[in-house]
Amino acid sequence: MSEVRTLIVDDSSVMRKIVERSLRQAGLEPLVVFEAGSGSDGLEVLKGQQVDLILSDINMPVMDGLEFLRQIRAQNLAPGVPVVMITTESSEEHVKQAIQAGAQGYIRKPFTAEQVKERVLPLLSAA
Amino acid sequence: MLGVRRSAIATARGSGNKEMERTMTCSLRESVHLISDPVNLDASVEEVFRMMLGVDCQRYLGPVGVVEPESVTAVVGFGGILSGACVFRSGATTAIKIAAHMTGMEFTEVDDTVKDGIGEICNMLAGAWKGKVPELAANCGLSVPAVISGRDYNIHVQAPEFKLHHIFNFEGASFEVTIVCDGLQ
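For the protein sequence lines, the chains are Z and S, in the order given.
When we follow this note's numbering, the leftmost residue of the first sequence carries the number 1, and every step to the right adds one.
When we follow this note's numbering, the leftmost residue of the second sequence carries the number 128, and every step to the right adds one.
The set of hints was computed from the structure by calculation and includes no laboratory data.
All of these numbers come straight from a predicted model, not from anything done at the bench.
Watch out, some of these pointers could steer you wrong.
With a straight-line cut-off of 20 Å between C-alpha atoms, the simulated EDC-like cross-links for lysine to aspartate or glutamate are [what the hints assert, rightly or not]:
(1) S:Lys259 - Z:Glu93
(2) S:Lys242 - S:Glu197
(3) Z:Lys117 - Z:Asp52
(4) S:Lys259 - S:Glu157
(5) S:Lys259 - Z:Glu92
(6) S:Lys242 - S:Glu303
Could you build the full structure based on these sequences and the hints that come with them?
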């Protein structure tokens, strides 16, 4: 597999590390990771870097994940790049909101590396 | 804890979704027995620790052991159809052990990464617990976690509607999880 450039957006540095480890366990190697602690930081990364995959938390201070997603689409940043939301919010309503905002996938915390693999790999194959 | 709760209420309202606003008119009063079922809390803790730490964690019903002088407390507020909080509390040694399991790193003290990890554990516990009741999953928001560490402090909640307080054990370490509900719609 060629290099997978991935943006991970989460206000928790521990969660960013766990997501990165899960991606590596899912076989995404070589993996290049860009980290952001909020949606607004994530937008800044996308203005300077090309990525193949975006994983974002929803419930974050400053700019939440749904607004981050809307801004990606509104500013036409990372066109065609799959976005997967990783969040503790798991109701159908939250999933629907994420999909409406432009997410292609949804992973509920807590999660296993196997679940990350199941949700992410098909999106990368299709992209 | 008030700031945490305001943040959760803002999150619950922040979706701006008409469908969600409409369903918020439903009442939890009739399903209070389901919400306060202690089995949901135990299942949530077991699920989070198995999936995120890879350890078996079980409820402990024995006497409370020696309490460490330094402790770490994380609070995640609930807002919307239910207001209250999920509170995680452990000694410093247990907090360090949990953060080490989560990150694969070694820690010698309760630093920012340990506090971040404990905040996330509390966030996932709160999310898993409310996810057990469909009305709560859809109509109750979570705040971002607040984490307190140190010695000689107490968390006080005035006259809650109901409260669940359980002690759990994993690999010889113990911690407490409390669900406090001070308002139901």
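Structure-based check of each hint:
1. S:Lys259 - Z:Glu93: With a Cα-Cα distance of about 15 Å, the restraint between lysine 259 of chain S and glutamate 93 of chain Z holds, given a limit of 20 Å.
2. S:Lys242 - S:Glu197: 13 Å, holds
3. Z:Lys117 - Z:Asp52: OK: lysine 117 of chain Z and aspartate 52 of chain Z at ~15 Å, within 20 Å.
4. S:Lys259 - S:Glu157: Since the Cα atoms of lysine 259 of chain S and glutamate 157 of chain S sit roughly 16 Å apart, the hinted pair holds (cutoff 20 Å).
5. S:Lys259 - Z:Glu92: 13 Å, holds
6. S:Lys242 - S:Glu303: Status holds; Cα separation ~16 Å.
Figure legend: structure checked against the earlier numbered hints; every hint is met.
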